[in-house]
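Chain D is already provided as a structure; the job is to place chains G, Y and H with the ligands on it using the hints.
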Amino acid sequence: MPTRKFIGRYENLAAIGKFVSRIAQKAGFDAAQVYAVQLAVDEACTNIIEHGYGGEGLGEIECACDITPGGVTVQLRDWSAGFNPEDIPSPNYTVPLEQLKPRGAGLYLMRQMMDDVQFSFDPVRGNLLTMKKRKTDSS
Amino acid sequence: MPTRKFIGRYENLAAIGKFVSRIAQKAGFDAAQVYAVQLAVDEACTNIIEHGYGGEGLGEIECACDITPGGVTVQLRDWSAGFNPEDIPSPNYTVPLEQLKPRGAGLYLMRQMMDDVQFSFDPVRGNLLTMKKRKTDSS
Amino acid sequence: MELQTTSYKRCDVLKASGRIDSQTAPALEQAFNAIVNDGKSGIVFDMSAVDFISSRGLWVLLETQKACKKEGGKLVLVNVAEEMKESLDLAGVKHFVEIYADLITAVGSF
Amino acid sequence: MELQTTSYKRCDVLKASGRIDSQTAPALEQAFNAIVNDGKSGIVFDMSAVDFISSRGLWVLLETQKACKKEGGKLVLVNVAEEMKESLDLAGVKHFVEIYADLITAVGSF
Ligand SMILES: Nc1ncnc2c1ncn2[C@@H]1O[C@H](COP(=O)(O)OP(=O)(O)O)[C@@H](O)[C@H]1O
Ligand SMILES: Nc1ncnc2c1ncn2[C@@H]1O[C@H](COP(=O)(O)OP(=O)(O)O)[C@@H](O)[C@H]1O
Numbered sequence: 001m002p003t004r005k006f007i008g009r010y011e012n013l014a015a016i017g018k019f020v021s022r023i024a025q026k027a028g029f030d031a032a033q034v035y036a037v038q039l040a041v042d043e044a045c046t047n048i049i050e051h052g053y054g055g056e057g058l059g060e061i062e063c064a065c066d067i068t069p070g071g072v073t074v075q076l077r078d079w080s081a082g083f084n085p086e087d088i089p090s091p092n093y094t095v096p097l098e099q100l101k102p103r104g105a106g107l108y109l110m111r112q113m114m115d116d117v118q119f120s121f122d123p124v125r126g127n128l129l130t131m132k133k134r135k136t137d138s139s
Numbered sequence: 001m002p003t004r005k006f007i008g009r010y011e012n013l014a015a016i017g018k019f020v021s022r023i024a025q026k027a028g029f030d031a032a033q034v035y036a037v038q039l040a041v042d043e044a045c046t047n048i049i050e051h052g053y054g055g056e057g058l059g060e061i062e063c064a065c066d067i068t069p070g071g072v073t074v075q076l077r078d079w080s081a082g083f084n085p086e087d088i089p090s091p092n093y094t095v096p097l098e099q100l101k102p103r104g105a106g107l108y109l110m111r112q113m114m115d116d117v118q119f120s121f122d123p124v125r126g127n128l129l130t131m132k133k134r135k136t137d138s139s
Numbered sequence: 001m002e003l004q005t006t007s008y009k010r011c012d013v014l015k016a017s018g019r020i021d022s023q024t025a026p027a028l029e030q031a032f033n034a035i036v037n038d039g040k041s042g043i044v045f046d047m048s049a050v051d052f053i054s055s056r057g058l059w060v061l062l063e064t065q066k067a068c069k070k071e072g073g074k075l076v077l078v079n080v081a082e083e084m085k086e087s088l089d090l091a092g093v094k095h096f097v098e099i100y101a102d103l104i105t106a107v108g109s110f
Numbered sequence: 001m002e003l004q005t006t007s008y009k010r011c012d013v014l015k016a017s018g019r020i021d022s023q024t025a026p027a028l029e030q031a032f033n034a035i036v037n038d039g040k041s042g043i044v045f046d047m048s049a050v051d052f053i054s055s056r057g058l059w060v061l062l063e064t065q066k067a068c069k070k071e072g073g074k075l076v077l078v079n080v081a082e083e084m085k086e087s088l089d090l091a092g093v094k095h096f097v098e099i100y101a102d103l104i105t106a107v108g109s110f
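Residue numbers (the numbering used here), protein chains in the order written: chain D, 1 to 139; chain G, 1 to 139; chain Y, 1 to 110; chain H, 1 to 110.
Think of the hints as simulated: they come from the structure by calculation, not from any bench. Treat the hints with care, as some may be off.
As the list claims (entries may be wrong) - Some chain H residues close to chain D (C-beta under 10 Å, calculated; not the full set): (1) K15; (2) S17; (3) G18; (4) S22; (5) D51; (6) F52; (7) I53; (8) L62; (9) Q65; (10) K70; (11) E71; (12) E83; (13) E86; (14) A91; (15) D102.
What the hints assert, rightly or not - BS3-like mimics (lysine-lysine), calculated; alpha carbons at most 30 Å apart, straight line: (16) K94/H to K69/H; (17) K85/Y to K18/G; (18) K15/Y to K18/G; (19) K15/H to K9/Y; (20) K15/Y to K101/G; (21) K15/Y to K74/H; (22) K26/G to K74/Y; (23) K66/H to K40/H; (24) K135/G to K85/Y; (25) K85/Y to K26/G; (26) K66/Y to K101/G; (27) K70/H to K15/Y; (28) K18/G to K94/Y; (29) K101/D to K69/H; (30) K74/Y to K15/H; (31) K70/H to K101/D; (32) K66/Y to K85/Y; (33) K74/Y to K66/H.
Claimed, not checked - Derived coverage of chain Y by chain H (criterion: at least 3 residues anywhere in the stretch with Cβ under 8 Å from a Cβ of chain H; other residues may be distant): (34) 7-13; (35) 91-105.
From a predicted model like this one, the values you see are computed outputs, not experimental measurements. A virtual CB, placed ideally from N, CA and C, is assigned to each residue, including glycine.
Just chain D, with the same shape it has in the complex (with noise of 0.2 Å):
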């Protein structure tokens, strides 16, 4: 699997961003669905640095990414220290735009845009997200 690893940076977005979409564009995802593993790419990364590492320049970032027979597969691994997913609700945009928070659309927005969101936490070897999107008869 080509694997790259980053510093947990926000001025590395734009290269994760790039080394997954290359990859999903090499399976034939249209642009939509290229934007969709980017983005909920983007939005892990987000999540490690600032809720994992707790701020920039903390901790480090491995991105592997390849296409599989079915799709693409996406493993982040991160050396923070976990959450539990089950605890985190969905975004909730039946409010007025007033009682909106500005929080909590990057968990739902990587659920959405892939078919498939794992996470494995691991002291030792380190947490590992597996998102996977298939490729379907449109693409």
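Then chains G, Y and H with the ligands, alone, in the frame of chain D:
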């Protein structure tokens, strides 16, 4: 000189305009100069129909147009009563908008667009309007 | 000549295509009058597809400007071809009507 | 990301180019705030040259909409690339922000 005869109707203005524009183009005039020739001729023909004949379909306009060593010459002949161009004042735009009368730009535009505008009136052979535009260095 | 009107919140855009001369100017006049009679006095005249406009057409613009100003609005022009600018100047239109280079700025001026 | 603001009579058009992510969203936020702090609450966000916008950027849009509405104005979007429309929908932006297909209609909506 290429010459064409038209019934004095407004619907023929487009054809007259095309006829003189083509010759002005062939003479090597630029877009603004071709436009100037077309505008002068359109104003002149409108005047012949409106003021000379006093309406549409009441007489003919003979349009001759040719490239000359100095530029382009247009001759418009009609068989209306004639008028005295000296009597016609230039339009005055220094008044406030509300006082502006919607009249009297035609003759002025003809004189501004062309380098030479000459009227000759003859009850037998018809009135002849000769307009010349010179090719300047810039064209 | 063809005419097409698009309405925005604070102005209507009238777009003409082709020649505006003694033959076609009356239709243009009617289109402007229809807008003003509809109680709307903000008008953008889009000339991007106008090949030619004689003094008869230019007077229509000035008369429309009179009507718009009377109602507290204005007529503005946009996309005037380079070769017709001199005649707009000579016929007084430039004195009395704002000319914009692009449609967004024209619509944004209302 | 690059930013450019053009002011019209009833709205400002902010045009961004490039990526809007956690790195660049703060600059976008500042640009919107500068307009609102200037007492102007009509904003068109021109996304024609935006390649990417993450949830961080989408929240900036929603917070800007809050600020504009509070002042009696609105934020609208224009020229949103097809591939990013789903995420704008999922992140609630489509519920709270009008999206126009072209700049003239967007500016004309003020
Ligand atoms: N990698 C992570 N490490 C720790 N906590 C996380 C991580 N990803 C998400 N979270 C938690 O899940 C919450 C929701 O995340 P998300 O949906 O991306 O929205 P936001 O980042 O705007 O809060 C975060 O506030 C955080 O508490
Ligand atoms: N061919 C013509 N025959 C008779 N009268 C003419 C002719 N051309 C111009 N005129 C007179 O000159 C006046 C000014 O003409 P012009 O400058 O074209 O403006 P307008 O046609 O708008 O009145 C006309 O009102 C008319 O009295």
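Evaluation of the provided hints:
{"no.": "1", "hint": "K15", "verdict": "20 Å, violated"}
{"no.": "2", "hint": "S17", "verdict": "13 Å, violated"}
{"no.": "3", "hint": "G18", "verdict": "9 Å, holds"}
{"no.": "4", "hint": "S22", "verdict": "4 Å, holds"}
{"no.": "5", "hint": "D51", "verdict": "9 Å, holds"}
{"no.": "6", "hint": "F52", "verdict": "7 Å, holds"}
{"no.": "7", "hint": "I53", "verdict": "9 Å, holds"}
{"no.": "8", "hint": "L62", "verdict": "6 Å, holds"}
{"no.": "9", "hint": "Q65", "verdict": "6 Å, holds"}
{"no.": "10", "hint": "K70", "verdict": "8 Å, holds"}
{"no.": "11", "hint": "E71", "verdict": "13 Å, violated"}
{"no.": "12", "hint": "E83", "verdict": "4 Å, holds"}
{"no.": "13", "hint": "E86", "verdict": "7 Å, holds"}
{"no.": "14", "hint": "A91", "verdict": "5 Å, holds"}
{"no.": "15", "hint": "D102", "verdict": "20 Å, violated"}
{"no.": "16", "hint": "K94/H to K69/H", "verdict": "16 Å, holds"}
{"no.": "17", "hint": "K85/Y to K18/G", "verdict": "20 Å, holds"}
{"no.": "18", "hint": "K15/Y to K18/G", "verdict": "23 Å, holds"}
{"no.": "19", "hint": "K15/H to K9/Y", "verdict": "22 Å, holds"}
{"no.": "20", "hint": "K15/Y to K101/G", "verdict": "25 Å, holds"}
{"no.": "21", "hint": "K15/Y to K74/H", "verdict": "28 Å, holds"}
{"no.": "22", "hint": "K26/G to K74/Y", "verdict": "41 Å, violated"}
{"no.": "23", "hint": "K66/H to K40/H", "verdict": "13 Å, holds"}
{"no.": "24", "hint": "K135/G to K85/Y", "verdict": "20 Å, holds"}
{"no.": "25", "hint": "K85/Y to K26/G", "verdict": "23 Å, holds"}
{"no.": "26", "hint": "K66/Y to K101/G", "verdict": "11 Å, holds"}
{"no.": "27", "hint": "K70/H to K15/Y", "verdict": "36 Å, violated"}
{"no.": "28", "hint": "K18/G to K94/Y", "verdict": "27 Å, holds"}
{"no.": "29", "hint": "K101/D to K69/H", "verdict": "16 Å, holds"}
{"no.": "30", "hint": "K74/Y to K15/H", "verdict": "28 Å, holds"}
{"no.": "31", "hint": "K70/H to K101/D", "verdict": "16 Å, holds"}
{"no.": "32", "hint": "K66/Y to K85/Y", "verdict": "21 Å, holds"}
{"no.": "33", "hint": "K74/Y to K66/H", "verdict": "33 Å, violated"}
{"no.": "34", "hint": "7-13", "verdict": "holds (count 5)"}
{"no.": "35", "hint": "91-105", "verdict": "holds (count 3)"}
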